[in-house]
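Chain A is already provided as a structure; the job is to place chain B on it using the hints.
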Amino acid sequence: AQSVTQLGSHVSVSEGALVLLRCNYSSSVPPYLFWYVQYPNQGLQLLLKYTTGATLVKGINGFEAEFKKSETSFHLTKPSAHMSDAAEYFCAVSDGGNNRKLIWGLGTSLAVNP
Amino acid sequence: GAVVSQHPSRVICKSGTSVKIECRSLDFQATTMFWYRQFPKQSLMLMATSNEGSKATYEQGVEKDKFLINHASLTLSTLTVTSAHPEDSSFYICSAVDRETQYFGPGTRLLVL
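Going down the list, the protein sequences come from chains A and B.
Throughout the first sequence, residue numbering follows the working numbering, covering 1 to 114 in sequence.
Throughout the second sequence, residue numbering follows the working numbering, covering 1 to 113 in sequence.
So that you can see chain A by itself, here it is in the shape it has in the complex:
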């Protein structure tokens, strides 16, 4: 079985500061890992994903994440936070199988202070 843990349901940073959102997973098979962002009253937008290959993945809006198998982690980072980054962030894992189901973390709410 797979699971996802997002450490910190709420994270607050100052504008211009580093953003670090933590995600740890468990999986008995090589995982596919995803980060999505959700703005209020909207659907989810894919930020980035890791399937195979390079472990450092770059996504949209300046975000990146690194797959660390030894630590079973896929933390999301951005060097400099913008006010527009304030949103809910979800980490998810799948087994890459045909059913394409995602196992979701509980989400992290990011607040950006001026």
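It is worth saying that the hints were derived from the structure and are not from the lab.
Treat the hints loosely; a few may be bogus.
When the alpha-carbon atoms are kept at most 30 Å apart in a straight line, the in silico DSS-like pairs for lysine-lysine are as follows [unchecked claim]:
#1 LYS20(B) with LYS55(B)
#2 LYS101(A) with LYS69(A)
#3 LYS41(B) with LYS66(B)
#4 LYS101(A) with LYS20(B)
#5 LYS68(A) with LYS66(B)
#6 LYS55(B) with LYS101(A)
#7 LYS20(B) with LYS64(B)
#8 LYS64(B) with LYS14(B)
#9 LYS68(A) with LYS49(A)
#10 LYS49(A) with LYS101(A)
#11 LYS14(B) with LYS49(A)
#12 LYS14(B) with LYS101(A)
#13 LYS55(B) with LYS58(A)
#14 LYS66(B) with LYS14(B)
#15 LYS58(A) with LYS69(A)
#16 LYS101(A) with LYS41(B)
#17 LYS68(A) with LYS41(B)
#18 LYS14(B) with LYS41(B)
#19 LYS58(A) with LYS68(A)
#20 LYS55(B) with LYS14(B)
#21 LYS49(A) with LYS69(A)
#22 LYS55(B) with LYS66(B)
#23 LYS68(A) with LYS101(A)
#24 LYS58(A) with LYS101(A)
Example chain B residues on the side facing chain A (calculated, C-beta under 8 Å, incomplete) [as the list claims (entries may be wrong)]:
#25 LEU26
#26 PHE28
#27 GLN29
#28 THR49
#29 GLY53
#30 THR80
#31 SER90
#32 ILE93
#33 GLU100
#34 THR101
#35 PHE104
#36 PRO106
#37 GLY107
#38 LEU111
All C-beta atoms in this analysis are idealised placements derived from N, C-alpha and C, irrespective of residue type, glycine included.
Here is chain B on its own, set in the frame of chain A:
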């Protein structure tokens, strides 16, 4: 690319009526679509997997007779909430699969009075 639309974005209905929500993949074909429900300040709850040309697969605890899913084509899945009650009020989100990735619609806010 990979755009998914949902219609309507918001619907208010009376208790006992049925509501249909459409989910379309606009620039790709999706054999598989998913339907989720999201409560305020919570993560997504998977309701069912919709496969084109076959019956939907429902998650445990989801009433298949209440939440009817039809995946009639490779670009369209519909969710019908039958005999809606106030407890069905929620935010419903669909996703469509393109290769290994789910792409999400903008969601439908359902309010049952």
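Hint check:
1. LYS20(B) with LYS55(B): Satisfied, since the Cα-Cα distance of roughly 17 Å is no more than 30 Å.
2. LYS101(A) with LYS69(A): holds, 21 Å
3. LYS41(B) with LYS66(B): Given pair LYS41(B), LYS66(B) holds - Cα atoms ~24 Å apart, limit 30 Å.
4. LYS101(A) with LYS20(B): holds, 24 Å
5. LYS68(A) with LYS66(B): violated, 42 Å
6. LYS55(B) with LYS101(A): The hint holds at about 17 Å.
7. LYS20(B) with LYS64(B): OK: LYS20(B) and LYS64(B) at ~14 Å, within 30 Å.
8. LYS64(B) with LYS14(B): With a Cα-Cα distance of about 21 Å, the restraint between LYS64(B) and LYS14(B) holds, given a limit of 30 Å.
9. LYS68(A) with LYS49(A): holds, 13 Å
10. LYS49(A) with LYS101(A): It holds: about 14 Å lies between the C-alpha atoms, which stays within 30 Å.
11. LYS14(B) with LYS49(A): violated, 41 Å
12. LYS14(B) with LYS101(A): violated, 33 Å
13. LYS55(B) with LYS58(A): Violated, because 37 Å separates the two Cα atoms, which is more than 30 Å.
14. LYS66(B) with LYS14(B): The hint holds at about 16 Å.
15. LYS58(A) with LYS69(A): At roughly 17 Å apart (the allowed maximum being 30 Å), LYS69(A) and LYS58(A) satisfy the hint.
16. LYS101(A) with LYS41(B): The given pair, whose Cα atoms are some 22 Å apart, holds under the 30 Å limit.
17. LYS68(A) with LYS41(B): Status holds; Cα separation ~29 Å.
18. LYS14(B) with LYS41(B): It holds: about 25 Å lies between the C-alpha atoms, which stays within 30 Å.
19. LYS58(A) with LYS68(A): Measuring from Cα to Cα gives roughly 15 Å; hence the hint holds.
20. LYS55(B) with LYS14(B): Answer holds: LYS55(B) to LYS14(B) is near 28 Å, not above 30 Å.
21. LYS49(A) with LYS69(A): holds, 15 Å
22. LYS55(B) with LYS66(B): Cα-Cα ~15 Å, so holds.
23. LYS68(A) with LYS101(A): Holds, because 22 Å separates the two Cα atoms, which is no more than 30 Å.
24. LYS58(A) with LYS101(A): holds, 23 Å
25. LEU26: Nearest chain A Cβ about 13 Å off; hint violated.
26. PHE28: violated, 13 Å
27. GLN29: violated, 14 Å
28. THR49: Holds, about 7 Å.
29. GLY53: violated, 15 Å
30. THR80: Violated, about 20 Å.
31. SER90: violated, 13 Å
32. ILE93: holds, 5 Å
33. GLU100: holds, 6 Å
34. THR101: The hint holds - THR101(B) has a Cβ within 8 Å of chain A, the shortest such distance being about 6 Å.
35. PHE104: holds, 4 Å
36. PRO106: Since the shortest Cβ distance to chain A is 4 Å, the answer is holds.
37. GLY107: Where the cut-off is 8 Å and the nearest Cβ of chain A is about 5 Å from GLY107(B), the hint holds.
38. LEU111: With Cβ-Cβ at 13 Å, over 8 Å, it is violated.
Comparing the model with each earlier hint shows violations of hints 5, 11, 12, 13, 25, 26, 27, 29, 30, 31 and 38; every other hint is respected.
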